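S.K.: Chains A and B, in that order, give the protein sequences. Numbering that gives the first Met the number 0 numbers the first residue of the first sequence as 0 and each following residue consecutively. Numbering that gives the first Met the number 0 numbers the first residue of the second sequence as 0 and each following residue consecutively.
Just to be clear, a hint being listed does not mean it is correct.
[Unchecked claim] Beta-carbon label-pair distances, calculated as ranges:
#1 B:115 x A:111: 56 to 66 Å
#2 B:16 x A:92: 55 to 65 Å
#3 A:1 x B:99: 25 to 35 Å
#4 B:161 x A:3: 50 to 60 Å
#5 B:215 x A:121: 22 to 32 Å
Think of the hints as simulated: they come from the structure by calculation, not from any bench. Values in this document were obtained by computation on a predicted structure and should not be read as measured data. For glycine and all other residues, C-beta sits at the position ideal for the given N, C-alpha and C.
Number of protein chains: 2
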Amino acid sequence: MPVDLRLYAIIDPEHAGGRSLPDLARLVAEGGATLVQLRDKVSDTRAMVETARAVKAALAPFGVPLLVNDRVDVALAAGADGVHIGQTDMAAEDARRLLGRNAIIGLSINTVALAEAAPIALLDYVGIGGVYATMSKQQKKAPIGVEGLRHIVEVFRRRKAGFPGCAIAGITAANAGATIAAGAAGVSVISALALAPDPAAAARALRAAVDQALAARR
Amino acid sequence: MPVDLRLYAIIDPEHAGGRSLPDLARLVAEGGATLVQLRDKVSDTRAMVETARAVKAALAPFGVPLLVNDRVDVALAAGADGVHIGQTDMAAEDARRLLGRNAIIGLSINTVALAEAAPIALLDYVGIGGVYATMSKQQKKAPIGVEGLRHIVEVFRRRKAGFPGCAIAGITAANAGATIAAGAAGVSVISALALAPDPAAAARALRAAVDQALAARR
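Please model the complete structure; the sequences and the hints are all you need to start from.
M.R.: Next up, the structure:
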C-alpha cells in the first residue's frame, strides 16, 4: 500500500511524557502526523490489544493509519493497518502472509548490506537509521549520520524507483530537513513529539520542516 | 478440537536443562507426552517462530500437537496447532477469531470466579492451578492445592460435561495421581520433565501415573 511517511510518529508507553497513548496519538495527528506506530515492549498482550484499539479509534477521524511494532498478533486483533518489523522480529514473508496484501509493512534498515538484502517486494517502506543519536532507544551501533542515510537511500533508489524510506532517530525540526535533502521520504520521531510540552505544536513544526525540505527537493 | 491432556509438557528456553527445545520435545513425545506447549518469554519474535517450527517438526512423527504460549502471531507463522493464553494474554474471543475454529485454545484458571467466567464456548481446555508449589514460574498466589483443583473442576463439570481441565504446577509422578483423582483430565509439567536426567523416562513415569489414576477413576 502507498504510505505517507512525511511525519511518522512512534508512540511508546515508556516514552509518553505522562500522557495516555490515545491522547498522544490524537495530538500528533492534529499537528500533521501522517502515520503512527505503537511500540510497546513492556505491556501484556491483552493491554497491548486494548491500547492499539484505543489508538486506532483516536486516529480514525484523521484518517491516519496505525502500525504496530513487531506484534502481528496485536495488529490483527486490533484491526491496525500493518506492522513495523525489525531485523529480529517476524520475517517479512511471514508477516505479509499473515496480514495480507493490503497491510502496510515496514522494515528497519541500518546498513547498505541490509538495504541490498531487503525483500522490497514484501515491503511498503523502510525505516533507515539511527541517523542521529537518540535517547528513546538503546543504540547498539553508532548513528549512521546523514551520509549513511544517503548511501542506503541510493541502494533503494537503484533497486526500485520511488520506494520510500523514512529517517529515524534523533530527528528534530532543526535537522529533519537534512534527512529529506539526503533522500528520505519523511521522518520518524518519538521524543521530539512525545516529550514536547505541546506535542501538536511540535508535530506542526516538524511537519513544516519536512514539507519545506520536500518542496526544495523538487 | 478434542484435546488429549494426559501428559501436557511445557517447554521453555529458561527451563530446558541445557537441551535444545526440539530435542526436549522429541524426548518427551517418545516418553508419552500427549500435548506440548512452547513457552518463551525471552526470545525475539523471529527466533520464537524458528523454534516453534523446529519443535513442530520434531513432534510431527508422534502426532503430538504443539501449542504456543500467549503468542498468536508465532502460532500462526509456525503453523502450530493453537495457543495457551493466560488471563493477561490476548482475549479468547480475539484468539479464536484469528486462529479459527480448528485451533486448540486453552486458558489458565486459578479461582472459582474465573472458572465461572471462563468463555468455555471459545475454549478447548483449561489449565488449572498452580496446584502445588513450583520452581518454574514465579508464583504470585499461594498454590490452590488438590482441594482448590477439585472445586474448580466441579465448576466446569457443572457448566459443561466433559470439558477438560489440566492440573498445573509442581506436579511429579508421585503427586500426579491425586490431581487426576480430583478430576483433572491430565497434568501439565515443566521441570519434572525438562530438568530430569532422562526426560523420556520421566515422561513415561508421569504418563504411567496419570494412566493408572485415570483407570482407577473409571
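S.K.: Look at each hint and say if it fits the structure.
M.R.: Against the structure, the hints:
1. Roughly 59 Å separates the CB atoms of residue 115 of chain B and residue 111 of chain A, a value that falls within the hinted 56 to 66 Å.
2. At roughly 33 Å, the beta-carbon separation of residue 16 of chain B and residue 92 of chain A lies outside the given 55 to 65 Å, and the hint is violated.
3. Between residue 1 of chain A and residue 99 of chain B the beta carbon distance is about 31 Å. The supplied range of 25 to 35 Å therefore holds.
4. Between residue 161 of chain B and residue 3 of chain A the CB atoms are about 54 Å apart, so this pair conforms to the stated range of 50 to 60 Å.
5. A hinted range of 22 to 32 Å for the beta carbons of residue 215 of chain B and residue 121 of chain A is inconsistent with their spacing of about 56 Å.
Going down the numbered hints, you'll see the structure goes against 2 and 5, while the others check out.
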